[in-house]
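Number of protein chains: 2
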Amino acid sequence: MKYVHGYSGRETDRLSDQANTLASLLHHDTQYDPGSNVLEVGCGVGSQTIFLAANSPEANFTSIDMSEVSLAEAQSKILERGFRNVSFQQANLFDLPFAEESFDHIFVCFVLEHLPDPQRALAVLKNVLKEQGTITVIEGDHGSAYFHPDSLYAKKAIQCLVDAQSALGGNSLIGRQLYPLLTAAGYKNVSVDPRMVYADSSKPELVDGFTRKTFTAMVEGVEATALERKLISKAEWDKGIADLYATAEQNGVFCYTFFKATGWK
Amino acid sequence: MKYVHGYSGRETDRLSDQANTLASLLHHDTQYDPGSNVLEVGCGVGSQTIFLAANSPEANFTSIDMSEVSLAEAQSKILERGFRNVSFQQANLFDLPFAEESFDHIFVCFVLEHLPDPQRALAVLKNVLKEQGTITVIEGDHGSAYFHPDSLYAKKAIQCLVDAQSALGGNSLIGRQLYPLLTAAGYKNVSVDPRMVYADSSKPELVDGFTRKTFTAMVEGVEATALERKLISKAEWDKGIADLYATAEQNGVFCYTFFKATGWK
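Quick mapping for you: the protein sequence lines, in order, are chains A and B. Throughout, the working numbering is defined as the position within the first sequence, counted from one, plus 3. Throughout, the working numbering is defined as the position within the second sequence, counted from one, plus 3.
None of these hints come from the bench; they were simulated from the model. Beta carbons are placed, not taken as given, at the ideal position from N, Cα and C, and that holds for glycine. Hints may contain errors.
Unchecked claim - What follows is a set of in silico ranges between Cβ atoms, one per label pair, in the way DEER data are often shown:
#, chain 1, residue 1, chain 2, residue 2, range
1, B, 84, A, 57, 49 to 57 Å
2, B, 189, A, 191, 46 to 54 Å
3, B, 105, A, 191, 53 to 61 Å
4, B, 194, A, 57, 24 to 32 Å
5, A, 158, B, 95, 30 to 38 Å
6, B, 153, A, 194, 16 to 24 Å
7, B, 90, A, 205, 31 to 39 Å
8, A, 211, B, 95, 39 to 47 Å
9, A, 196, B, 152, 15 to 23 Å
10, A, 171, B, 130, 55 to 63 Å
As the list claims (entries may be wrong) - In silico DSSO-like cross-links for lysine-lysine, where the CA-CA straight-line distance does not exceed 30 Å:
#, chain 1, residue 1, chain 2, residue 2
11, B, 268, A, 129
12, A, 191, B, 216
13, B, 237, A, 158
14, B, 206, A, 133
15, B, 159, A, 242
16, B, 158, A, 158
17, B, 158, A, 237
18, A, 206, B, 191
19, A, 233, B, 159
20, B, 268, A, 237
21, A, 206, B, 133
22, A, 159, B, 237
23, B, 206, A, 159
24, A, 206, B, 268
25, A, 158, B, 242
26, B, 133, A, 268
27, A, 159, B, 242
28, A, 216, B, 191
29, A, 233, A, 159
30, B, 242, B, 216
31, B, 158, A, 242
32, A, 158, B, 268
33, A, 191, B, 206
One chain only, chain A, in its complex shape:
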């Protein structure tokens, strides 16, 4: 699978900034009981794994990803921090090397947005989940981004990311759809809790960590693809990116919402 954000060093930095800034907002209430077996699907370079491992030191995590390179980096992150409660495994979620009902809980963060058939993915994952087990799904939604000063060009640049992800079979507007997706996949008592990031200049660390280094950096990451596919002109692109950075200035405001969903088998 091609990953819309690529696998460069800058991408790794971006994921790390993103994870630190957002960790508390997204993960503070994800905690698993001692001894429980938790499957983390699509752990990538381990940006969320380190928070899972730290928040639930006595739970056992199995973190899978398709990329051996990402897994190696995730593993070194975990070892560096001295965690011993995560085992990593190369695996495809549509061809899982686990027996039915192997896990007490499943955790899926920033993965469904990249899949052509997220509902089938959720249904497949349900097979390896025990009865009464939970699934936790976290996704962003690029259509939830709005800002001041408002800018048509910034919106166009964001739309390039949405279109590029869509061309790869993904859906970057998936956050708002978690309730119907989990319900249709057969999970019960689904509950969705939006986690909104609101950044104005009274919060300089959030402005820097999120508006600049997470969101705008992510949009910037699709420049080559957007220009190559003629989704936008170079002049409009540059204006859009400049306008996104302007939302991180003194009078700027940036809003974005992540969705955290929980369902039961």
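Start from chain A and add chain B according to the hints.
Then chain B, alone, in the frame of chain A:
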């Protein structure tokens, strides 16, 4: 001043549904000390006044509006509920009949969005506020609305409301701008807290009270204006409204964010 939503009976019902559904989300943390003097600006038919009066029974409210008709309705609402801590007065916020530094606190809800110069309004209000007094401002932001199923026509219908309000000199995207507006008007320690409404079918009362009876009803209210000004065709309008109602069906999701700001003189 012409009020974009009009003054019809249905509009009064809409404001009442809106206030009941949103009261806890917006007002639960608005409480004023016993004996404090609070100015409510643009109280309209008293939809928020009843919550102010109930939450702070020993504070004294002065609620002003330009419309005598709205004030009479607000007053009957307050008397009906037995509150005795509100006095109503017909007044224009740009020509206030109060001495400087008359109030301990000011409360402004769903008013700035209708004003051509909200920053000047905030600066004028600062004159009648005591030193160390607070202002609380609540506004929506129609650009914060997104939903599933997504719909170009629903977005067009919402844009008609934005355009109609803009043609009357208002700004229905003002919520995101509260931080820079209050700061530029000279308030200190401004802090903005977004209040997001997230409605899926696990919350049928919110879907009915907010998605249908507040937001979609509000958009429907500009049909005549939108068609008259040829902002949209009748067929597109009908599709847009139908698509908004579809977000209130079994698989639908609706998101909207209000912004609550506080600043100090």
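A quick look at each hint next to the structure:
| no. | hint | result |
| --- | --- | --- |
| 1 | B/84 <-> A/57: 49 to 57 Å | holds, 51 Å |
| 2 | B/189 <-> A/191: 46 to 54 Å | holds, 53 Å |
| 3 | B/105 <-> A/191: 53 to 61 Å | holds, 56 Å |
| 4 | B/194 <-> A/57: 24 to 32 Å | holds, 30 Å |
| 5 | A/158 <-> B/95: 30 to 38 Å | holds, 37 Å |
| 6 | B/153 <-> A/194: 16 to 24 Å | holds, 22 Å |
| 7 | B/90 <-> A/205: 31 to 39 Å | holds, 35 Å |
| 8 | A/211 <-> B/95: 39 to 47 Å | holds, 43 Å |
| 9 | A/196 <-> B/152: 15 to 23 Å | holds, 21 Å |
| 10 | A/171 <-> B/130: 55 to 63 Å | holds, 57 Å |
| 11 | B/268 <-> A/129 | violated, 55 Å |
| 12 | A/191 <-> B/216 | holds, 28 Å |
| 13 | B/237 <-> A/158 | holds, 28 Å |
| 14 | B/206 <-> A/133 | holds, 27 Å |
| 15 | B/159 <-> A/242 | holds, 25 Å |
| 16 | B/158 <-> A/158 | holds, 15 Å |
| 17 | B/158 <-> A/237 | holds, 28 Å |
| 18 | A/206 <-> B/191 | holds, 15 Å |
| 19 | A/233 <-> B/159 | holds, 26 Å |
| 20 | B/268 <-> A/237 | violated, 46 Å |
| 21 | A/206 <-> B/133 | holds, 27 Å |
| 22 | A/159 <-> B/237 | holds, 28 Å |
| 23 | B/206 <-> A/159 | violated, 34 Å |
| 24 | A/206 <-> B/268 | holds, 20 Å |
| 25 | A/158 <-> B/242 | holds, 24 Å |
| 26 | B/133 <-> A/268 | violated, 57 Å |
| 27 | A/159 <-> B/242 | holds, 25 Å |
| 28 | A/216 <-> B/191 | holds, 28 Å |
| 29 | A/233 <-> A/159 | holds, 12 Å |
| 30 | B/242 <-> B/216 | holds, 18 Å |
| 31 | B/158 <-> A/242 | holds, 24 Å |
| 32 | A/158 <-> B/268 | violated, 36 Å |
| 33 | A/191 <-> B/206 | holds, 15 Å |
Violation of the numbered hints given earlier is confined to hints 11, 20, 23, 26 and 32; the remaining hints are satisfied by the structure.
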